[in-house]
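For the protein sequence lines, the chains are F and L, in the order given. For the first sequence, this note's numbering begins at 1 and goes up steadily by one. For the second sequence, this note's numbering begins at 1 and goes up steadily by one.
I should point out that these hints are in silico values taken from the structure, not numbers from a laboratory. Please read these numbers as outputs of a predicted model, since none were measured by experiment. The beta carbon of each residue, even a glycine, is placed where N, CA and C say it ideally should be.
One-sided excerpt, in silico: chain L residues whose CB lies under 8 Å from chain F: (1) E121; (2) A173; (3) P319.
Derived list of chain L stretches under chain F, where covered just means 3 residues or more per stretch with a C-beta under 8 Å from a C-beta of chain F: (4) 38 to 45; (5) 76 to 84; (6) 132 to 145; (7) 211 to 217.
Simulated crosslink set (PhoX-like; lysine-lysine; CA at most 20 Å straight-line): (8) K100/F / K76/L; (9) K65/F / K76/L; (10) K100/F / K57/F.
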Amino acid sequence: MSSASRIYIARFMLLAAIVLGMTWGNELNADVLVIANPGISVEQLTVEQLSAIYLAKMKTWPDGKKIIPVNREANSEIRAEFSGMVFKEPPEALADYWAKLKFKGEKPPLIQESDNSALLFVQRIPGAIAYVGKGTPLNGVKVLLSLPLKQPQ
Amino acid sequence: MKIHGSPGSKGYFRLLTAISMACMVFCRSAQAYDFGDGYDLGNFHFSGYSNIELEFPHHGNDALSLDELSLFAAGKFNRYFNPFLEVEVTKAAAWEGGRGLQFDQSHLELEWLYNDFEFTENDTLRIGKMLTPVGEWNRIHAEPLVWTTIRPVSTYYSFSEFTSGLSYRRQSASTPGLNWEIYTQPGGELLRKPDGLQKNYHDVVGVNVDYSLNLSEKFGISGQYAKVDETGEEQRLLSIDGQFPWKQLKLEFQATAANISGGRPSMRAHDNEWGGYLQLVHNFYGHWNVVGRAEYFQAREYQESNRNALIGLVYRPSPAVAYKFQYLSNHGAKLDMASGFYGSIALLF
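Extracted from the complex, chain F is given alone in its bound form:
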């Protein structure tokens, strides 16, 4: 193997290590990952956009596809974390908000009762978005946001 090839391979491995390290770091630092069906035309979301989706203020993706938000069961730990990170309020406040919104004609987010069922739902349903805990294998979905957000180094 020539020295040029060795340098090329070494550079490639270094780059791969950096990319893997960044990805690994993201997953380690995120308590909650916001995932979406890979068919949507968005690559990332802000917390404000995520809040708008879960408050029924943003209902379609930029390509016109209907957003189908998925929530976790009311007493789950991850729902409490999600509610605190996104809305800065306890999960009861969001439940209360939705109970009232139902009387204004809005349909509340669907409930999935585990990370795996939320993941499967998002993999299969176009336009779906959900949140899962760290450590969930993220196959066939897009990660749009990691919560809490990594602080700039």
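Let chain F serve as the given structure and place chain L on it in line with the hints.
Chain L alone, transformed into the frame defined by chain F:
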């Protein structure tokens, strides 16, 4: 919710009860169901609520009643077809001291029947019958979602509770944000309630603006012009309302003022009808809350004002379930209020 009552024997109670019970059983069997989740069937979402109420007034008969049984269906199809229907049986069954079990006070009410045209994500044209956006209480008012068994007079007495016509709502794309709505009812009310304490209105036009700071903090202002069917009066109303949580406290208020003209001035005691309430809820332990409220209301028909104060306990194990036990002290004009103890169990399903 104790605000009025009117007799009229009907058999639809059994039908609505059966549907509601089936919905509750169906919902309970569904995976990961919690009260208030409702049930999704295709493009429709079904839900409802029930309220069992106990009354122990100082003067009058004690009573236990299935006060409200409501069922609603919300359809989401596309931008132009999003129907919503809510029907409610009030006083479906009641046991009254000295009279025994009663079924003759029940009546069916059409609360909502409309279709939404969503021009954009934030612009909605609504056509049909809807609850009028004057204050948050009138728009929501389902027993599991409010803190007291007795509704404040200021939240319904001076304006048209329902609008049968059209409204245009502009909703803020984010929170905090400003939302506004204009509405009109060109004629009378569609399938109006049986006669009770509330007046009937026609030629209604109004506007509501509210500013939401977050999920539970908001401030609203409403204006409404309407003509009263029964008296021929014209009225112009202004209302403000707000909800402000602070730590374990929740402050809530609404104040209304209406100027009345026309009709027969000699038939009313005042040309201005006004009042307001201030309510404080304190979460003192787990799901236990103490609620206190004071209200003053000067109705157009009475020389004397209505002054009432309420204190009570509310146990809310979830936002969809509420157990209430409260004491109301009423002075001056009655306005369908009576001093005494009141309790209720309300459930959103």
